[in-house]
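Enquirer: Protein chains in written order, with the numbering used here: chain A, 1 to 235; chain B, 1 to 235; chain C, 1 to 235; chain D, 1 to 235; chain E, 1 to 235; chain F, 1 to 235.
Read the hints as simulated data drawn from the structure, not as lab findings. Model, not experiment: these values are computed from the prediction. Careful: at least some of the hints might be erroneous.
[Stated by the list, open to error] Part of the chain D face toward chain E, derived, beta carbon under 8 angstroms:
1) Tyr42
2) Lys59
3) Phe187
4) Thr224
5) Leu235
Cβ atoms here follow ideal geometry from the backbone N, Cα and C, with glycine treated the same way.
6 protein chains.
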Amino acid sequence: MSLIQKTLDAPTWTRKDPEIFAFVKDNFYVAVVCDILDELGYHHQAMHQRLRPLLPDRKNCGFVGRARTARWMETDYIPDDPYGIEIEVMDSLKPGDVVVHSTDYSGRNAPWGELMSTVAKRNGAVGCVCDSQIRDCVKIIQMGFPVYCAGIRPVDSKGRAVMKAYDVPISCGEVIVHTGELIFADFDGIVVVPREAEQEVLQRAQEKSNKENLSRKDLLGGKTLRAVYDKYGVL
Amino acid sequence: MSLIQKTLDAPTWTRKDPEIFAFVKDNFYVAVVCDILDELGYHHQAMHQRLRPLLPDRKNCGFVGRARTARWMETDYIPDDPYGIEIEVMDSLKPGDVVVHSTDYSGRNAPWGELMSTVAKRNGAVGCVCDSQIRDCVKIIQMGFPVYCAGIRPVDSKGRAVMKAYDVPISCGEVIVHTGELIFADFDGIVVVPREAEQEVLQRAQEKSNKENLSRKDLLGGKTLRAVYDKYGVL
Amino acid sequence: MSLIQKTLDAPTWTRKDPEIFAFVKDNFYVAVVCDILDELGYHHQAMHQRLRPLLPDRKNCGFVGRARTARWMETDYIPDDPYGIEIEVMDSLKPGDVVVHSTDYSGRNAPWGELMSTVAKRNGAVGCVCDSQIRDCVKIIQMGFPVYCAGIRPVDSKGRAVMKAYDVPISCGEVIVHTGELIFADFDGIVVVPREAEQEVLQRAQEKSNKENLSRKDLLGGKTLRAVYDKYGVL
Amino acid sequence: MSLIQKTLDAPTWTRKDPEIFAFVKDNFYVAVVCDILDELGYHHQAMHQRLRPLLPDRKNCGFVGRARTARWMETDYIPDDPYGIEIEVMDSLKPGDVVVHSTDYSGRNAPWGELMSTVAKRNGAVGCVCDSQIRDCVKIIQMGFPVYCAGIRPVDSKGRAVMKAYDVPISCGEVIVHTGELIFADFDGIVVVPREAEQEVLQRAQEKSNKENLSRKDLLGGKTLRAVYDKYGVL
Amino acid sequence: MSLIQKTLDAPTWTRKDPEIFAFVKDNFYVAVVCDILDELGYHHQAMHQRLRPLLPDRKNCGFVGRARTARWMETDYIPDDPYGIEIEVMDSLKPGDVVVHSTDYSGRNAPWGELMSTVAKRNGAVGCVCDSQIRDCVKIIQMGFPVYCAGIRPVDSKGRAVMKAYDVPISCGEVIVHTGELIFADFDGIVVVPREAEQEVLQRAQEKSNKENLSRKDLLGGKTLRAVYDKYGVL
Amino acid sequence: MSLIQKTLDAPTWTRKDPEIFAFVKDNFYVAVVCDILDELGYHHQAMHQRLRPLLPDRKNCGFVGRARTARWMETDYIPDDPYGIEIEVMDSLKPGDVVVHSTDYSGRNAPWGELMSTVAKRNGAVGCVCDSQIRDCVKIIQMGFPVYCAGIRPVDSKGRAVMKAYDVPISCGEVIVHTGELIFADFDGIVVVPREAEQEVLQRAQEKSNKENLSRKDLLGGKTLRAVYDKYGVL
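Only chain A is shown next, with the shape it has when bound in the complex (with noise of 0.2 angstroms):
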């Protein structure tokens, strides 16, 4: 509780990201800064339902951190380089970071596995958000590195489609996601907070997180919920 204290009384844009990351996951749930987000005007910033979390520990299967965005092409052919940009981007990895692969529309390309697992556990990357298939399953869940992806496939990338840009801003599960913007997930999903929107989501989620405490304990306490949510205003 003092943690929380000491981030609302500075701004948090003075903390480091390791300190903001343990902030949210430690206080913040993926519906309650969706929540501010609304609030705030900013009603597309969660993903869509088909991205899903791999890690079957529901309480454990999410992250926090920072994008970095990878740009894939559909290719019926295999490019003279088919991994060179894919190769570039995963050993540029730095700590803190979260792979997040742009949307494969035609839903038959899976280029997420074990090795790109590894590579990125190795160089400190929390997270992978592939809106495509993915592969290696079982091999990722025991080294326990949080991906979320919309299927799962055996097939390579390799002729089916292939890293053409890294850093630009892309559309992962219908959101646009600039590199650097601030990625929560949870088993409810995953959000993308807005570089500009970041410091006041963080300073009013908590309040939000408060009030729904204290619905709760109220309705167990036997009032109705008309009466609760005059109190509180949110459910």
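Add chains B, C, D, E and F to chain A, keeping to what the hints say.
Expert: Positioned in the frame of chain A, the structure of chains B, C, D, E and F alone reads:
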């Protein structure tokens, strides 16, 4: 077993709901009830497969109860009283009720979460079918309230949809549901038993279950499927 | 390791199926087999991601066996002998068979359940791929029979579809399957190995697996992905 | 007008089909028949909007006749007699028949073309509803044979689907169709009139048409929609 | 040409709507307006391609006017006053209005037909965008009232959907529309011009059109696309 | 007819493209070519039915030519040179070329319009297949340039997609297309003739057409379809 005999002796409509619910839960499967409804000419009473149980224990993820229907309308603005009718129906829930939400074809709403589950459970409701997204899933699982949903997404309904009516006929999972109809859900899915067929279904289902048990026994004893089917006529 | 060497020494087609199946299960992953098939020019052998395993143990949810194909037709009435051909193919199942059902684009049928699983298992079949819905799932899980399906729904096939042929070429999960082809399924999905490529695939897959193991080791040892990929050429 | 009076005096089932067809074509619209069926409790008799007329003259693109249903099965091989049953039903067509093909959810078949249209027209059939693709469209338009289809594609059915039955209940455009039912199609779409409702529908539709004519007249005369609706009760 | 000059001299908001509408219709294309909106950062103002014009003359199938929005809710029963709000908004239409119906994701409703078109036209409305089905199409074409729709189906809205609000923000063709916004439709589709951008759009569009005319001239004169694009910067 | 004889005498590959194109256009239908490709074992050469001709004259809406493929990548930002490669391929078009755009699964782009059509036509290209949306349709129809598209939408490609390669294998309408392959389009759709089958297809198609003509004649002469099919073997 004695309970079953008694129930078959007397019309089920002379019994109270808790007794009927216990009888169904102890003796039937959703699949058997679907077969009986097929026999009686009701071919569209099983909800669509997109509706899956949230609770992880597949033997205890379902429920038996009576439908309380809720009709939603999508919105792209926040109406004056965004939760008014929703709060009304929640405060009106009685023991044995199942909250059944109308189909959300847009797939962008999440009208059910922890506080709703808290109120519903406290009021004695036995489950919820939400043909849309839900949120606060970890907490709902922790409280053990059975919910079936089409997906999981962290967004609030406010500004996305508003409940406009309840206890009216609705479509949920492509099945027309009327308030008061028997809703039976297990890991195989959800079936809606029309009022006028309820008595007949309860009587026939038991007989069908017995035949399946005998078929299984004969098959494991080495008989061909041809022989077993010719004998019992079930598959 | 000695088994692998021996297998590579002699053509796999000189071996009996149980030996081949055990060899595949012990040494390969579905993803590796897909990569080899890609190399050999077979790009459409991995079934669609809508087909997922029913068994909850993700390390033991799959199988290796030979396809027995079944062709379904949708109906909106109950034909004279609704289960005739279905019973015939079930009674003809042999050890090592995998029942593979044709694609049900209507999504309303559920042609596989507990009794089918009981017969299949008793006859020695090792699995089922049902590109449609299935039912009686809790009981199938209890008996540990591996099934892959597109969804779960409690309805019977009677009056919804009828099997019209078996051991004919079918489409399942968007892959053309011929009776007798090797079907390999694990948590990543399902791959169909064409007869003419079977021998070649089994020989190459081992080599690919070795390279992946070496790549992982080097990556964990701190090398860049660039260096590791340049050395082993796999990703 | 005198014909209408006579028809209302005597039950339509005492009349011959050609007279009924002419009566419907001259006096009704498909939309009016749908409204009457709604009133009588038949809410699912209008085919899906994917079925559109091929003939370019929107005032003469439809037909009135009696359904001859055809049930297709998808295939991925060429059966022994790929066209056997199809040829049988085509050679059995009689004046006033409408060939109604079952729904092709795969969307890859095109079971209707010029030669089929030639046979159908020569035998006196008045139209075709093909819930799949068709081909040879320019020639079919040239011969003026009315066809409704879900799309246009140049491929043959051979090796893609095979007709397995006819004159059985089928689903076409999401409507269950029985051989002999009245099929009425104009530019607005296609409606199927159940046998047991036919007489009642024909009697009521005329009255509804009259009210619409009076409503239009009053609206053009300057009355509010409120006043006109309160007076005639149709919209 | 003189009108254009004058319009560019003075702010368009000093002008009356009929003058603005005529100016847009005479000088612009929907595609050019979309490009200008893109330049100004409005990337989601063109409605989805499922919305197509009903009127067959592709040079005169569209309109320019101001949105009057209507919000529908699906129903599975007939409410007490099924047409109440619908009649209210229809009777309130003024010259220059465009009726814009909210998105119907279920695809089963047809809330627009001949009588609605009759009232709308009589009241001076210039068009309708119905992101759902419509009916009575031949008569609407005969009266020459411009409608854009997602499909054609002969069913009434009664018992399928009910209008619950109008002049509220809605989603139509995946674009958020507010009452009063400029709606411009031609054969290429429909664009919604946000109020705050209207003045700027009208000024810039003219310049873009000029460049396209010059580009076309140079291309037909034999220049390469490279040279022409480098000169005018439009494509 | 004499031209046909000559063509059958000598291998078509000894002929120049303009002669081949004229021969195909004058003597064949797309449907017949599909049947021949089926016979030769090429079952996936007809593009998806979503691709429809833009030109309104259904007898002259198509073309015969050789594919020039273009590979697009979706983007959510404007790259440095948004049109660079696109301009390059447009300026490289030669007489007889058909511009074939890769499949746009997102459905939000419109990479073809009036200026592109102007350049293409001026350079002698004979058509365009754009498996995406197009715009400026009225002007394209006015210039009579044949285009097939999946839809019509007024938006520019800039900021939505960028061409990244051309003359590489692509997927268009679910068919793999290689630069240089024969593309034949009429009102029934579009077929891609693989290089290695071209000669054989041209020779066989004529024979098939003759059989269809004879079948039609016999049918109109009163023979049963059974008799006619037994005689000529085509349907």
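Enquirer: Each of the hints needs a verdict: does it hold here or not?
Expert: A quick look at each hint next to the structure:
Residue-level restraint check for D:Tyr42 is violated (minimum Cβ-Cβ distance to chain E is 11 angstroms; threshold 8 angstroms). Proximity of D:Lys59 to chain E holds as hinted, the smallest CB-CB distance being about 6 angstroms (cut-off 8 angstroms). Interface restraint check for D:Phe187: the shortest CB-CB distance to chain E comes to about 5 angstroms, inside 8 angstroms, so the restraint holds. For D:Thr224, the interface hint holds, the least distance from its beta-carbon to any beta-carbon of chain E being 5 angstroms, beneath 8 angstroms.
The interface hint given for D:Leu235 is met, as the beta carbon of that residue sits about 5 angstroms from the closest beta carbon of chain E, less than 8 angstroms.
Taken one by one, the earlier hints fail for this structure only at number 1.
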